[in-house]
Amino acid sequence: RKEVEQDPGPFNVPEGATVAFNCTYSNSASQSFFWYRQDCRKEPKLLMSVYSSGNEDGRFTAQLNRASQYISLLIRDSKLSDSATYLCVVTPPGTYKYIFGTGTRLKVLA
Amino acid sequence: DAGVIQSPRHEVTEMGQEVTLRCKPISGHNSLFWYRQTMMRGLELLIYFNNNVPIDDSGMPEDRFSAKMPNASFSTLKIQPSEPRDSAVYFCASSLGLEETQYFGPGTRLLVL
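Which chain is which? The protein sequence lines are A and B, in order. Anchor point for the first sequence: position 12 equals 12 in our numbering, and the numbering is continuous, going up by one each time. Anchor point for the second sequence: position 96 equals 96 in our numbering, and the numbering is continuous, going up by one each time.
Just so you know, these hints were derived from the structure itself, not from any lab. Treat each hint with caution, since some may be false.
[Claimed, not checked] List of simulated lysine-lysine pairs, DSBU-like, C-alpha gap at most 35 Å:
| # | chain 1 | residue 1 | chain 2 | residue 2 |
| --- | --- | --- | --- | --- |
| 1 | A | LYS107 | B | LYS68 |
| 2 | B | LYS78 | A | LYS97 |
| 3 | A | LYS42 | B | LYS78 |
| 4 | B | LYS24 | A | LYS79 |
| 5 | B | LYS24 | A | LYS97 |
| 6 | A | LYS45 | B | LYS24 |
| 7 | B | LYS68 | A | LYS42 |
| 8 | A | LYS107 | A | LYS45 |
| 9 | B | LYS68 | A | LYS79 |
| 10 | A | LYS79 | B | LYS78 |
Treat the numbers as computed from the prediction; the structure is a model and nothing was measured.
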């Protein structure tokens, strides 16, 4: 089993739709979680950290489910500019390494 | 403010040649990370430094790969000799500290023929 797994997609959604991605991780003791966004041929950029209590930033909501070992990202009222690959990141216990998922590709259609 | 700077942005070389990738972290950042991204394997951590000291190089694929950080504002990743399977995008990232958010540079696209 991979350390971090994501559905590669693509998720094709119309503008204004709500879309959600999940990311599962194998090590139950993993300690930090993030969502990064990567545009085509660009570098990854931090979208948001994921806290145990869940957190929201505008149209984006991230949640952590430790019991089931997954994190989720919800995008509401999706925009064309949200089209990108979304990478989840997990840090194993006792390290500062970022373990990246292979990413979920989102296409928002006009 | 300047972000992480990488050079060159593109590199095409022939198998067997030495390749040197360069990275300038964000000023004031104490931690630096080298990643490799390919379609097949995604984004993989190769090595990271804290205060110029290598902390974990377990991701370095082979002895052909080496990395140095001679000072707080410069790091290199060297491949010698290069092979076609080394073709990838190599990213450098830096953070204030090991536990802080990592900021990525624009990457170096390497093609080994």
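Right, here's what the structure says about each hint:
Between LYS107/A and LYS68/B the CA atoms are separated by roughly 39 Å; this puts the pair beyond 35 Å, and the hint is violated. Annotation: proposed proximity of LYS78/B to LYS97/A holds, straight-line Cα distance about 21 Å (limit 35 Å). Between LYS42/A and LYS78/B the CA atoms are separated by roughly 22 Å; this keeps the pair inside 35 Å, and the hint holds. Among the hinted pairs, LYS24/B with LYS79/A is consistent with the structure: their alpha-carbon atoms are about 34 Å apart, no more than 35 Å.
Distance hint between LYS24/B and LYS97/A is fulfilled; the C-alpha atoms sit about 20 Å from each other, no more than 35 Å. Of the pairs offered as hints, the one joining LYS45/A and LYS24/B holds, with about 17 Å between alpha carbons and a cut-off of 35 Å not exceeded. Proximity of LYS68/B to LYS42/A is assessed by CA-CA distance (about 25 Å); at most 35 Å being required, the pair is judged to hold. A C-alpha spacing of about 18 Å is found between LYS107/A and LYS45/A, which places the hinted pair at or below 35 Å, so the restraint holds.
A distance of roughly 42 Å separates the Cα atoms of LYS68/B and LYS79/A; the hinted pair therefore is violated under the 35 Å criterion. Restraint check for LYS79/A and LYS78/B: the C-alpha separation of about 41 Å exceeds 35 Å, so the hint is violated.
This entry does not satisfy hints 1, 9 and 10, going by the numbered hints stated previously.
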